[in-house]
Each structure stands twice: as structure tokens, then as C-alpha cells.
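Note that the protein sequences, when read in sequence, are chains H and Y. Quick note on numbering: the first sequence equals residues 1 to 438 in my numbering. Quick note on numbering: the second sequence equals residues 1 to 438 in my numbering.
Since the hints were derived computationally from the structure, they do not count as laboratory data. Please read these numbers as outputs of a predicted model, since none were measured by experiment. The reader is advised that the hints may include incorrect statements.
The list makes no distinction among identical chains, and a pair is therefore deemed to hold if it is satisfied within one copy or across any two copies.
Straight-line C-alpha distance at most 30 Å; calculated DSBU-like pairs for lysine-lysine [stated by the list, open to error]:
{"id": "1", "residue 1": "Lys381", "residue 2": "Lys319"}
{"id": "2", "residue 1": "Lys107", "residue 2": "Lys266"}
{"id": "3", "residue 1": "Lys142", "residue 2": "Lys78"}
{"id": "4", "residue 1": "Lys153", "residue 2": "Lys19"}
{"id": "5", "residue 1": "Lys189", "residue 2": "Lys78"}
{"id": "6", "residue 1": "Lys159", "residue 2": "Lys66"}
{"id": "7", "residue 1": "Lys379", "residue 2": "Lys271"}
{"id": "8", "residue 1": "Lys270", "residue 2": "Lys157"}
{"id": "9", "residue 1": "Lys66", "residue 2": "Lys303"}
{"id": "10", "residue 1": "Lys379", "residue 2": "Lys153"}
{"id": "11", "residue 1": "Lys266", "residue 2": "Lys159"}
{"id": "12", "residue 1": "Lys66", "residue 2": "Lys157"}
{"id": "13", "residue 1": "Lys180", "residue 2": "Lys379"}
{"id": "14", "residue 1": "Lys303", "residue 2": "Lys107"}
2 protein chains.
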Amino acid sequence: MKDLIDSYPIQDEEFKWQKSCFVDELSEKVQRESCLMGWIHDFEIQNLSDRTQVLFLIFRDGTGLKEFQITKPELVKKIAILERESVIAIRTLGTKVNDLKIISQAKPVPILPCLITDHSSIDLVINRAYALRTERMKAILKIQDSIFSSVRKFFEKEKFYEIRPPIIGPATDPGIRGAKAGELDFYGKRYKLTTSMILYKQMTICSLEKIYSFSPNIRLEDHATQETGRHLAEFYQIDVEQAFADYHDAMNLGEKLLITIFKAVKRNCKKELNLLERNLIIPTRPFQKLTYKEVLEQLREMKFGDLQDGQEIPWNAEKALSELFDAPFWITDYPYGSRGFYDRQNPENPSSLKDFDLMYPGGFGEAMSGSEREYLYDKVKRKMLEQGVPLVGYKWYFDMLQRGVPPSAGFGLGVERLTRYICGLEKIWEATAFPKVP
Amino acid sequence: MKDLIDSYPIQDEEFKWQKSCFVDELSEKVQRESCLMGWIHDFEIQNLSDRTQVLFLIFRDGTGLKEFQITKPELVKKIAILERESVIAIRTLGTKVNDLKIISQAKPVPILPCLITDHSSIDLVINRAYALRTERMKAILKIQDSIFSSVRKFFEKEKFYEIRPPIIGPATDPGIRGAKAGELDFYGKRYKLTTSMILYKQMTICSLEKIYSFSPNIRLEDHATQETGRHLAEFYQIDVEQAFADYHDAMNLGEKLLITIFKAVKRNCKKELNLLERNLIIPTRPFQKLTYKEVLEQLREMKFGDLQDGQEIPWNAEKALSELFDAPFWITDYPYGSRGFYDRQNPENPSSLKDFDLMYPGGFGEAMSGSEREYLYDKVKRKMLEQGVPLVGYKWYFDMLQRGVPPSAGFGLGVERLTRYICGLEKIWEATAFPKVP
């Protein structure tokens, strides 16, 4: 066996097989021999009355599972000593295996409840190399791919340009609800990992006006946020901004985007949604809008009587509110001072901001966060001083604001939270290939 | 004027204008009034013989420039005191401006040679907020958007899934030609910023088999690499991997991908390529293949007589070689020991690796880098020890390799270098919105 492994791959005279198709391309009717390559998902040996054996092999590749029978004694022997997850090549005709090669042997695989039934376990993070191989995780990743693809098609149609987002920089968004930014040494300077590219978006709409990015964000959240099941320390935002737009424009765009994504996933990922037992409802426009004030009143009538005016809505209250709804809804007009300095103060109602969050229904909580932006140098600087933001690292930003920045509006839509909602996952660490949990 | 600014935006009774179209949507024939919003690109006042004045305004928005005439004395006065780059709204009929509002005043703008003729100046990095506003930079960003879009369509057709790539992790690719990885404190652990997601790609092909990512990479290159004009400390790679593929499969895929991108840009960005005076040639398949040995012989006949066997090809030699070609070409089979431990040793020729680089012609240098991968635990561990890679942080990787990892092949294609080549840019810091230069 050792020889076989060493003599892989196809250059070897003994083993010049070429993978001819995937499991999902196999048609039972085709009477040609196929060559499949993939994993031993499981197998079972039955002893027949005539003293021969048949091995029932559950074979797996990137596209799914399929059962084959092996009756040739030398092939039964070859598999019998292998562990599940070993990589093999098989030549098949119908459901029979005619020949078999071993490509990469696996060590014994532990039986982990998190991979079978306990999908909310944190063990899923630790055992990532196994978790990624489950049909459940594959369904989630395929749905996420469909999300990416539909987002791009939407913005192409709406004439937004995709911008390559910054990973690090001298300053980043400080308005991130108590989370910390990661820091690195960049040629002797303290640079921060992007927590949100809001400031860069303002720079870019001075060029192309309508832009979006898949922006990589690091936020070192408090350990306690692990309990929410919807915080990751590493995540992506679909970051959108449009010059000369107001926050109603941004909310309209957000609604159209979300509906486009939901429709695409329902159309392209029927099998995957079924596997996840998720009935994804397409919401109708316009989504319901509640002001922060209305939300506060409603929450006080629930079990959150001690909520103060002007305070951010706590995670658990957000969740409780979201459980009351069966469609996404907006919370608008957060109080002045509660959010980042870049959220625009309402000139007609100075105690509130022209901003919004979108909430998923069913307890899934925050989906998007956005606003009109402050764009006048004096105003921004006054607000930063008011909020006690250290001005170090913002020189480029102040310079920029004095070069003719237009009003704009936009939002960030968290990729993993979107995936979590669409797939109906309890914990967000299922909603990405490589989760980093606070 | 101060009042006007403060009374913006459209909620204000005095200024409830709505942007009705972009410059490139204006048709000379339309006899309806339009409302445009954008920037004062430039203006000039002419005194006419009848003592009246006409102001020629070059107005700019995200889609382009357009000249208008202003004759109303109160509007001429209003613009005359503004600086270039101030943001305004105008009501126009044909080329006449009927009304005008000031949205955001700019400070005096310096005249920078880098924005006009000196496109290779490092000043372009420092003056980013200006640089992004040039028609040249807009053309580059539009071409980059077209690259992104064509890459995705290509992989959708080829049934590859897009994976959300890691930003940070306990370990990253150490095989990065002397560059350092950025480090951050991640909840008390030393984490590294991804320099290449190669190890994660090996994990993911155990799930979906055919995957790609737009992967954010940080490499703290030596300061000297700034001179090459093709190194950035922050960049993106289109990272591709396929299970059960060999390096010829990967090179075939790479050729098809590149031709698809080139064709899409030529089709969608005629105007932008013209502006950049770039005649992009579509290469024909298969691309020429040279082995490392052949390249070394050729370089020794040039001015690089002292190149040693087994050595990486220096940047300047790579560039000189690339200048001899007028189409992209492959360099294959680098010597054992010269590249990262994950490049697969050729079992039939143990002194060389089953790997490749793709070179752009015309001195543009490296385009892609890829290989077949080592996938057997024993082999990988032996090579890491041989190369002196510290094993700290690789536990998850070794665990994974013992769980049945298949052979695979793939490559990384640098987004900014691709943009640089397609646009014909001398310096790579033009090839991205937010360049970080070593």
C-alpha cells in the first residue's frame, strides 16, 4: 500500500488514471466505465451465505455521496483495512467497482457529535477540517457562493463598481460598539486592521460615485459576544456607498439587494435549502420602518423597562424584538451621539441621525447598518472631538474632507450574518469556511 | 454661501433638487432640463465686448467631463470665487446652466505633476484623494471592476465555488521570497496576517474540490522592492485550487482564465483602454513553456552569467527575460528547495518541483505562481524540517494532512499585477484604489 501511495499520481506507469466525472454526473444508464476520485465516507462488509463477501461503499466527492458494491475479494481486502476519509480512485460500471487505487490514507476519524447533530457546538470551529467535509457545510458554502454571485450581478445591473478594499491602514472606523481593532507593525508605524471601510468609501465615491466592496474586517470583540452566536472576530461586509444619495435611497437599494439575493438562492440552491430544512421567505417591499424612538417604546413594554433614551439597543433586546417579526424591518433615526461620527445629524431634528439598521426577523438580529454621511470638514472635526476620537492617523481623512466631498449614503451588509439568516443557522461559525470566534 | 452649505441637502426648502442623470447620460438633443451633481473640474471666464461675461465650466462626475456655459451674472459670480474640486449641483438645458447650488467647498488645490503627466511618481500614493479623481485612475478602476466581473463569470461557468478567504490565522505561507508576515495580538495569541491562503486551499478542496477566492494578502517586503514598481505590501490574489488536478491542468485553467479576462476587458472597456493608450493583445493558447533550466541557460547568455543552479531568478533577470517576449509564457519545474514546502517534488525527477510561474511579456514580469501540492503528511513534515520552517502554529495543518487530503493543483494570480499589465502601467501603485507601498 505504501508503494501505491508513493507511486501516485497519474505520472506513474502503474496508475495513470484520469478522473472522468463527479458523483453527480454519473448516470445510472451509462454503460461506460467511469473513473471517480474522492473519499471513503463509510463502508460495511456483508458475509454472504456462499462464503463470499460484498462491501457496500459510500463514496463521497465534492458533489455528493453514492453507494457502490465491491465483490472482488482483493478489492474488498484493500478497503477493509482503510479508515474513513481515506482518499481513493475507483473505476465503476453502474454501481459496481471494477478497480480501486489508494491515494491518501487517513488516520482513524473520531465520532464527533458536532458533525452529526449538534450543529451549534463550538467544536465545529476546532474541528474545521472535518466540519468542512460534511454535506451540511458544503450546502452552506454553495449557498454562500450563490450569494456572492447574485450580489455582483445586482451591482453590475445597478452600475456600481467593485473596489478592492483596504486590509490595513493608519486609521479605521472607531465606531464599532466597544470592539477593538487589531494592530500591526507596518514598517515602524502602528497600523490598524480595517474594522469598516467607511472612511475609504467616502474617498472613493469622489471618483466613481457608486461603489461596493467585499471588505475584510477584523474586530476584536469582547469574549462575551461569543454567546450571541452572531459575532465573529473576522468577517466580510458587502460595503456599499453612493454619492448624492440620501438614506432613503440607501434603504431602497438595500431592500432591492436583499430580495435579489434571496430570489437567486431560492432559484439556484433548492437542494441545499432542503438539506438545511430552511424555508426562505421572500419579503415584499417596502420593508416596515420603525424609528429608534418607536423601538424603545416597544421594548420598554416588553421586559426591557430600564432602557434609557440615547442608549444603543443591547444585543438581547435586538434579538427579542427581531423574534416578533416575520419579515426584515428597519430601525431608523438613532439618537445623536449613539453612533460613529460619520452618521449624519438630521438638520431638521438635531437630536437624531439620518441612519438605519436592518433587522432580520425570527431572532436573527442585525443585517445591515448604514446612514447618510457627514461630509463637511468642520462638522466632522467637531463631532470627532465631541466623541473623544483620538485624531492621530486621520490627517489624510481631514485633508480629503477639504477637497470637495459630496454628501453620500451607504451601508454594510455582513456576509456571514446574511449566510446565517438565509441558511437558518443557530451559530454564525457555521456561516463561513474559516471562522474566528471572539 | 455658508448658509447654502448648511442648508444642504434636499430636505431643505431652499434646495430640494434631485440628481436626474449623469454626464454620460446627457443627450445634446434632449430639450428637457437636467439636474447634475458633481465637481468643478475647471473653469475660465471670458469678458465679452458688450461688457458681459461668460464662464466656461468644465463639470465632472463619476462618468466623465462636460463643458457648460454660464452667462447669468449672479451664477458667474457664485462660481468665480470657488476653487476647483468644489461640489456643486447644476440645472442645465443643453450646454447652458440655468441654476446652480454649492454643496461642498474645496480648499485651493495644488497643481501636482503626478496627476497630469508623471504617472510613475510615488506622489500618486501620498496624494490618493486627488489621484482617485483623475479620468486616468477612473479608467483603471473601471477596468479592474471588469476584471473582477469576468473572473467570476469564468469560474461560475467552470463550476468553481467562491470561498470567503481568511484574513488572519495562527500560521500562514512562509514561502514568500524573504518578505515578512504582519503580526497582531489575537486574544493573547500571536496571529499572522495571511501572506497566501495556500494551506487553507488544501483544506477547502477536501470539501468542494474546485474553489477560488479573492484573497487579501499582506507581505512586508523589503523596502528595496519599491524600486521594482510591481510590489505592494497589501494586495489581493485570485487564489484557485482543484482537487485531483495536476500542474498541467492548472496551467490550462490559468491560460483560459487569462484569455477570458483579456477578452472581457477589450469588449467592455474600449474607452478606458484608449484613454490609457493601451493596445491589449489577446494571446493564443497554448502559451510557450520554458523550464527553469532553459531559462537559466538563456539568462546566462544574457548579462546574468553568474546565476547559480537552484537559485530563485532575481527580479531584474525576470524582467529582462520578460522583455524578450510579446506574449505571456510559463516557467516550469523550479529546482527542489527553491520554493515553499507545499510545491510538489517531481517523483520522476526529484531535483525539480511540479510548479510554474506565468510571466507577462514586455518586462511586466510575474503574473501567476502555482504548483501541484505535497499532500502526504510524512512528506510535508520532512520538507518543512529540511527548509527550517518553525512548526509552531501548524498543528491544525498537520492534523488535517492525516485526514485524507487528495493531490491538488492551483495558482495565485495577483489582482494588482494583472491590472497593471492590462492597463500597461509602469508602477503598480496605480493599479489599486488604496496602495500600500513597502
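Here is how each hint holds up against the structure:
1. In the homo-oligomer, the alpha carbons of Lys381 and Lys319 never lie at most 30 Å apart, since the shortest distance is 34 Å inside one protomer and 47 Å across protomers.
2. In this homomeric assembly, Lys107 and Lys266 never come within 30 Å of each other (Cα to Cα): the closest approach is 38 Å inside a single copy and 51 Å across copies.
3. In this assembly of identical chains, Lys142 and Lys78 lie within 30 Å of each other by CA distance neither inside one copy nor across copies; the values are 33 Å within and 56 Å between.
4. In the homo-oligomer, the alpha carbons of Lys153 and Lys19 lie at most 30 Å apart only across protomers (24 Å), although the nearest pairing inside one protomer, at 33 Å, exceeds that limit.
5. Proximity of Lys189 and Lys78 under a CA criterion of 30 Å is satisfied in neither setting, with 58 Å inside one chain copy and 44 Å between copies.
6. Only between protomers do Lys159 and Lys66 lie at most 30 Å apart by alpha-carbon distance; the minimum there is 20 Å, versus 44 Å within a single protomer.
7. Within a single copy, Lys379 and Lys271 get their C-alpha atoms no closer than 52 Å, and across copies no closer than 39 Å, so neither meets the 30 Å cut-off.
8. When the C-alpha separation of Lys270 and Lys157 is checked against a cutoff of 30 Å, the pair qualifies both within a copy, at 24 Å, and between copies, at 19 Å.
9. Proximity of Lys66 to Lys303 under the C-alpha cut-off of 30 Å is found in neither arrangement, the shortest distances being 51 Å within a copy and 59 Å between copies.
10. Neither within a single protomer nor between protomers do Lys379 and Lys153 lie at most 30 Å apart by alpha-carbon distance, with minima of 37 Å and 43 Å respectively.
11. In the homo-oligomer, the alpha carbons of Lys266 and Lys159 lie at most 30 Å apart both inside one protomer (24 Å) and across protomers (18 Å), since each shortest distance falls under that limit.
12. Proximity of Lys66 and Lys157 under a CA criterion of 30 Å is satisfied inter-copy only: 25 Å between copies versus 40 Å inside one chain copy.
13. In the homo-oligomer, the alpha carbons of Lys180 and Lys379 lie at most 30 Å apart inside one protomer (25 Å), although the nearest pairing across protomers, at 40 Å, exceeds that limit.
14. Within a single copy, Lys303 and Lys107 get their C-alpha atoms no closer than 52 Å, and across copies no closer than 52 Å, so neither meets the 30 Å cut-off.
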